[in-house]
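Residue numbers (the working numbering), protein chains in the order written: chain A, 1 to 94; chain B, 1 to 235.
What the hints contain is simulated information worked out from the structure, not anything from laboratory work.
Please read all numbers here as calculations on a predicted model, not as lab measurements.
Heads up, some of the hints might be wrong.
To spell it out: a stretch of chain B is covered by chain A in this simulated footprint if at least three of its residues, at any positions, have a beta carbon under 8 Å from a beta carbon of chain A; those stretches are [what the hints assert, rightly or not]:
{"id": "1", "region": "78-91"}
{"id": "2", "region": "183-194"}
The calculated BS3-like cross-link candidates involving lysine-lysine, where the alpha carbons are at most 25 Å apart (straight line), are [what the hints assert, rightly or not]:
{"id": "3", "chain 1": "B", "residue 1": "Lys-91", "chain 2": "A", "residue 2": "Lys-87"}
{"id": "4", "chain 1": "A", "residue 1": "Lys-27", "chain 2": "B", "residue 2": "Lys-219"}
{"id": "5", "chain 1": "A", "residue 1": "Lys-53", "chain 2": "A", "residue 2": "Lys-63"}
{"id": "6", "chain 1": "A", "residue 1": "Lys-75", "chain 2": "B", "residue 2": "Lys-219"}
{"id": "7", "chain 1": "B", "residue 1": "Lys-217", "chain 2": "A", "residue 2": "Lys-53"}
{"id": "8", "chain 1": "A", "residue 1": "Lys-46", "chain 2": "A", "residue 2": "Lys-63"}
{"id": "9", "chain 1": "B", "residue 1": "Lys-219", "chain 2": "A", "residue 2": "Lys-63"}
{"id": "10", "chain 1": "A", "residue 1": "Lys-71", "chain 2": "B", "residue 2": "Lys-219"}
{"id": "11", "chain 1": "A", "residue 1": "Lys-75", "chain 2": "B", "residue 2": "Lys-58"}
{"id": "12", "chain 1": "B", "residue 1": "Lys-217", "chain 2": "A", "residue 2": "Lys-71"}
{"id": "13", "chain 1": "B", "residue 1": "Lys-217", "chain 2": "A", "residue 2": "Lys-27"}
{"id": "14", "chain 1": "B", "residue 1": "Lys-217", "chain 2": "A", "residue 2": "Lys-75"}
{"id": "15", "chain 1": "A", "residue 1": "Lys-66", "chain 2": "A", "residue 2": "Lys-53"}
{"id": "16", "chain 1": "A", "residue 1": "Lys-66", "chain 2": "B", "residue 2": "Lys-219"}
All C-beta atoms in this analysis are idealised placements derived from N, C-alpha and C, irrespective of residue type, glycine included.
Okay, here's what each chain looks like letter by letter:
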Amino acid sequence: MQTPLPSSSGTKPEMKEHCSHRADCLKLIQLILDGEATEQQLARAKANLESCKPCIQMYQLEKEVKELLTKRIEKRCCPEQLVATIKTRILSFS
Amino acid sequence: MATIPEVMSDTPTSDRNRIGGPTEPDQFLPDSDSAEQPEANAPARGYSEEQKYQIFNKEFMPHIDSMYNFAFRLTMDEDDANDLVQDTYLKAFRFISSFEQGTNAKAWLFRILKNSFINDYRKKSKEPAKVDYQDVETTYNSEDAESEHTVDLRAESVSDLIGDEVATALNSLPVDFRTVIILCDIEGFTYEEMAKILDIPIGTVRSRLHRARNLLKEKLRDYASSMGYKEENDE
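Pulled out of the complex, with its shape left as it was, chain A reads as follows (with noise of 0.2 Å):
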């Protein structure tokens, strides 16, 4: 990303079919989808997400990815026991 990419010039901005910074521009896509990223990421990731094909896959996968591990995965709770062991456990404390 250090290169500055071609900025949309026109009304259409063609469509990159080959990214020649893709590990770059990989780190930057998961620092906005992490809420990391600065404005001025954001700025330079928004001109390159609408005309670099790879990148756009990319993208949509690194979304996917994340939401799998958000939305999909199991979300083990603490069994009512623990709970009340910790609590007579503290308790004896004082």
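Starting from the known structure of chain A, arrange chain B on it as the hints suggest.
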């Protein structure tokens, strides 16, 4: 030997994942109605017994489901998760004077749990000790894997995977990689919070997360192709 957590006073108190905890508040708070409302910024080490119980109930216990989930994902074993959560909460109570009321209790607790896991559980864990983060990191750092490594996988290929398959893929990662993914994607911590929980610089959080995700995608790709999800038209 146990690491005493430091006060993390500058962490934000955002609590996005607050999960309803046990429903008997103040059950073991002695004379809760007569207990004085603690000051907003009680100085460390200045808590009365009542305040300790109150902090424990109001700020620590609401995170117990997240803590248990974290412990289970780390140990991959219900009994170990039970022990780990119990030890962590007992430690948290014992060291409650180093917790500054109103700061990020969840991150503080997660840090104790992660330290307990490393100090007490990792050695006896069923995980093969050889496949450890150091090895994997060395491998990944060599041969400039870092610079150009992207996993060839399409979003559509993984969108049909079910939770168990994703969990299995996650569980197959070395524990340090698994940990950053759990903290970031499952528990929703910020990089800054993760840096404090794990005692590593933010840059390391970022790169470890990046590598963890590449590993995870490789596992998911293996799953997807073994399940026949891979589209045949491409390539």
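Verification of the hints:
1. 78-91: holds (count 6)
2. 183-194: holds (count 6)
3. B:Lys-91 with A:Lys-87: Between B:Lys-91 and A:Lys-87 the Cα gap is close to 13 Å, so the pair holds against 25 Å.
4. A:Lys-27 with B:Lys-219: This hinted pair holds, its Cα atoms lying about 19 Å apart.
5. A:Lys-53 with A:Lys-63: 15 Å, holds
6. A:Lys-75 with B:Lys-219: Holds, at roughly 21 Å.
7. B:Lys-217 with A:Lys-53: 19 Å, holds
8. A:Lys-46 with A:Lys-63: Holds - the C-alpha atoms of A:Lys-63 and A:Lys-46 are around 15 Å apart, at most 25 Å.
9. B:Lys-219 with A:Lys-63: At roughly 17 Å apart (the allowed maximum being 25 Å), A:Lys-63 and B:Lys-219 satisfy the hint.
10. A:Lys-71 with B:Lys-219: 18 Å, holds
11. A:Lys-75 with B:Lys-58: 22 Å, holds
12. B:Lys-217 with A:Lys-71: Holds - the C-alpha atoms of A:Lys-71 and B:Lys-217 are around 17 Å apart, at most 25 Å.
13. B:Lys-217 with A:Lys-27: Holds: B:Lys-217 and A:Lys-27 sit about 14 Å apart, inside 25 Å.
14. B:Lys-217 with A:Lys-75: 21 Å, holds
15. A:Lys-66 with A:Lys-53: Cα-Cα ~20 Å, so holds.
16. A:Lys-66 with B:Lys-219: 14 Å, holds
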